[in-house]
Amino acid sequence: MSDSVSAPRRPKMQRWLRATAVTLVALLLVAVILDRLFPLPLPAPDTGSTVVLARDGTPLRAFADSDGVWRYPTTTAKVSPLYRQALLAYEDRWYYRHPGVNPYALLRGALQGALHGHVVSGGSTLTMQVARIIEPIPHSFGGKLRQIFRALQLEAHLDKTQILDLYLDHAPFGGTIEGVEAASWAYLGKSASRLSRAEAALLAVLPQAPSRLRPDRHPEAARAARDKVLRRLRDEGVWTSEQVSDAAIEPVVARSLRAPLAAALLAERLHRQQPRARRIVTTIDANLQRAAEDHVAGYLARLPPRSSVAVLAVDNATLEARIYIGTGEFADPERAGHVDMVRAPRSPGSTLKPFLYGLALDDGLVTSESLLVDAPQDFGGYHPGNFDEAFSGPVSVSQALQRSLNVPAVDVLDRVGPNRFVARLASGGVDLQLPEGARPNLSIILGGTAAKLEDLVGGYSALANGGIAGAPRYTPDQPVRPRRLLSPGAAWIIRDILASNPADVEGAPLEGTIDRHAAVAWKTGTSYGYRDAWAIGVTDRWTIGVWIGRPDGTPSPGQYGAVTALPLLFQLSDMLPARGGVHAPRPASVRAIDICWPLGQPAATTDTSLCRQRRSAWSLDGALPPTFAERDPGAWMSGRVELRVDAKGRRLSAGCHAPHERSLTLARWPALATPWLDAADRTASALPALAPGCPPDSLAAAVPIRISGLREGSLLRQAPNSAAPLRLSVRALGAQGTVQWLLDGRLQGSTLGESNITLNLAGPGHHALTALSPLGSWASVRFVVVDPSAAGTSRQTFR
22 MSDSVSAPRR PKMQRWLRAT AVTLVALLLV AVILDRLFPL PLPAPDTGST VVLARDGTPL
82 RAFADSDGVW RYPTTTAKVS PLYRQALLAY EDRWYYRHPG VNPYALLRGA LQGALHGHVV
142 SGGSTLTMQV ARIIEPIPHS FGGKLRQIFR ALQLEAHLDK TQILDLYLDH APFGGTIEGV
202 EAASWAYLGK SASRLSRAEA ALLAVLPQAP SRLRPDRHPE AARAARDKVL RRLRDEGVWT
262 SEQVSDAAIE PVVARSLRAP LAAALLAERL HRQQPRARRI VTTIDANLQR AAEDHVAGYL
322 ARLPPRSSVA VLAVDNATLE ARIYIGTGEF ADPERAGHVD MVRAPRSPGS TLKPFLYGLA
382 LDDGLVTSES LLVDAPQDFG GYHPGNFDEA FSGPVSVSQA LQRSLNVPAV DVLDRVGPNR
442 FVARLASGGV DLQLPEGARP NLSIILGGTA AKLEDLVGGY SALANGGIAG APRYTPDQPV
502 RPRRLLSPGA AWIIRDILAS NPADVEGAPL EGTIDRHAAV AWKTGTSYGY RDAWAIGVTD
562 RWTIGVWIGR PDGTPSPGQY GAVTALPLLF QLSDMLPARG GVHAPRPASV RAIDICWPLG
622 QPAATTDTSL CRQRRSAWSL DGALPPTFAE RDPGAWMSGR VELRVDAKGR RLSAGCHAPH
682 ERSLTLARWP ALATPWLDAA DRTASALPAL APGCPPDSLA AAVPIRISGL REGSLLRQAP
742 NSAAPLRLSV RALGAQGTVQ WLLDGRLQGS TLGESNITLN LAGPGHHALT ALSPLGSWAS
802 VRFVVVDPSA AGTSRQTFR
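In our numbering, the protein residues as written are 22 to 820.
FYI, nobody ran anything at the bench for these hints, they're computed from the structure. Careful: at least some of the hints might be erroneous.
Claimed, not checked - The list that follows gives simulated cross-link-like pairs (lysine-lysine, DSS-like), each with its CA atoms no further than 27 Å apart:
id : residue 1 : residue 2
1  : 211       : 249
2  : 165       : 181
3  : 99        : 181
4  : 181       : 33
5  : 99        : 211
Owing to the predicted nature of the structure, the values given are computational and were not obtained by experimental measurement.
Construct all of the structure, not just a fragment, from the sequences and the given hints.
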């Protein structure tokens with residue numbers, strides 16, 4: 022009986038199954054066709070706004086998309102778990118269980134709408150909200166069907182995490198802000214990964230009515246909506262009552278909407294390099310960058326109008342830039358705030374001198390205390406002078422570098438070779454830019470070229486890294502390109518010289534109060550015409566570069582490295598954390614040794630009569646070079662001179678003999694150094710007079726000269742009731758060739774032979790006038806200018 026009853030049912034069941042299968046296949050076919058005809062309008066991953074981030078994820082600058090929308094890309098894994106809990110519990114607690122549409126929620130929304138006469142709950146899932154975000158859909162019955170279709174498409178093509186990522190990046194949060202990360206930074210000033218429960222609840226509800234609930238405009242409405250979310254989370258057991266009570270106490274405090282703008286020019290630079298990147302992570306330290314920008318903003322007030330400032334600070338261990346300030350005030354047209362002065366070629370002034378002396382050490386040309394001469398010199402028609410127009414006579418390499426003296430630097434460059442120096446810098450990453458068609462010459466060491474702040478900072482980092490330089494890195498994935506610039510020993514010596522240089526400026530460390538090896542090794546520079554003021558400093562951990570000037574290249578008289586850029590350098594150095602740097606010990610190639618001036622030889626092997634001044638020097642690789650020889654030895658022979666003298670100590674020239682003659686060794690100073698020597702040093706190195714009857718020799722070529730027109734010890738007074746400056750006309754009797762005239766060590770001019778020179782005398786006080794011949798002849802007269810109001814009668818009065 023049962024078989025007879027079930028037999029008719031089988032064909033019905035089979036027909037029903039076949040019909041169902043056909044229907045499903047048809048529906049699937051229709052779905053595939055519709056999917057092909059109406060593909061998902063997913064936003065392209067490489068279009069939209071771009072955010073440039075500090076190394077900790079703090080936004081530095083955002084670049085809006087073509088529609089002016091600000092969006093900071095993020096992912097589900099990066100946002101706070103509290104936000105994910107609040108969002109899903111409030112918006113779609115069945116998110117991970119439904120296929121994009123929740124039939125129960127749709128039915129509930131329809132019934133509520135029918136009962137109340139208006140929409141109470143739309144029944145939209147998060148997937149359906151994403152569908153409306155990626156494509157404008159009208160709020161109508163047809164629009165709802167279209168929204169459902171798009172939601173199903175999303176679930177078919179993407180997994181749940183990808184759909185949620187779309188919501189996190191594109192949900193509206195008011196104004197031109199889209200995405201939870203942009204909203205968190207804009208309203209709360211923090212990343213969405215660090216939200217409190219109250220903040221998570223606020224951001225979860227804000228997209229429901231972004232204009233009406235904006236916390237910066239409607240804090241009370243925003244708080245009421247937030248508390249509603251908190252109650253829902255409590256009622257559903259997501260958060261405890263205690264957690265919700267604590268969160269409800271927290272006030273709704275939002276900042277005024279503003280886009281981040283730190284390291285603005287670096288962000289612009291990287292955005293141009295990677296125009297399709299949506300998220301660019303830099304090496305910048307957000308806290309240090311903000312503090313440095315505050316320092317610069319305050320410092321600008323003391324600078325002349327239209328001045329700008331550039332700062333670059335790198336971590337020596339990684340060469341990663343932690344501070345990058347390309348302009349004093351971004352987008353200020355008066356200061357040309359759009360110009361990035363970190364990478365603008367400018368005259369480097371004297372900032373190249375440490376590299377020159379380091380190369381001279383590596384070449385074995387000098388020790389740290391080798392004797393140089395700071396006096397007027399002629400280098401093939403090039404006559405360099407010092408910044409203060411004064412000369413110092415005999416100086417050491419250390420003194421010449423610390424005081425940034427120009428003539429000694431040109432002298433050393435002349436012996437190293439300008440072409441070789443430029444090539445060595447280029448191999449170390451410091452590319453100098455010469456005028457078109459120009460070749461390297463002696464002026465480059467005084468700023469007669471152009472260099473970039475970032476190249477100089479990369480070069481100076483070699484002083485803390487054993488002579489290895491490298492380009493500053495601005496992103497973590499930027500490769501490290503180490504380049505040998507100096508030997509470890511030369512780098513250590515140069516840094517020691519610069520670190521032991523006291524600075525009499527605001528903010529400088531007190532001399533003697535700190536270990537000089539832990540201090541800032543600093544160097545300043547000023548370009549011709551006061552156009553560029555530089556200060557670069559090196560510590561164990563940091564290399565810091567500061568440039569100050571006008572981007573348009575116009576002069577700022579009175580603004581130079583030591584008074585303009587150096588104080589800011591010390592302020593920034595004090596601000597930076599000191600820990601983490603490793604102080605390199607003195608290399609084995611460097612040893613301390615005492616040398617003697619004027620010969621430059623070891624004191625231990627130099628006769629005491631020839632050791633006029635004893636100096637403690639750093640020697641590299643055992644090199645103990647003698648003092649530079651004279652450029653014209655026929656006129657003056659410096660260094661060790663062997664003579665024959667008669668019994669009375671008179672000089673015997675070649676072919677001239679006398680009874681009881683003997684040998685005499687002199688240690689002679691360079692000719693141009695003699696006016697600065699004391700009487701004892703001059704006497705010790707002076708040539709004995711030629712013995713009677715002996716023919717002249719080449720050592721007598723330096724003919725003595727005498728200043729005419731002014732006597733030793735003269736008292737000079739300006740003519741009564743005269744407003745004209747006190748003037749003096751003098752000449753050098755017996756002079757041959759060019760004569761340089763110096764007043765108190767400052768060059769006043771030059772004459773040829775015995776020609777007259779008229780000088781405007783300095784103010785009241787003791788003065789010295791020196792006539793100096795490149796052949797070694799010189800004369801000096803000391804005199805006094807009397808205050809016109811002083812009583813008494815002067816010996817001489819010059820009009």
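Going through the hints against the structure:
no.: 1; hint: 211 with 249; verdict: holds, 23 Å
no.: 2; hint: 165 with 181; verdict: holds, 21 Å
no.: 3; hint: 99 with 181; verdict: holds, 16 Å
no.: 4; hint: 181 with 33; verdict: violated, 40 Å
no.: 5; hint: 99 with 211; verdict: holds, 13 Å
In terms of the numbered hints stated before, the structure departs from hint 4 and from no other.
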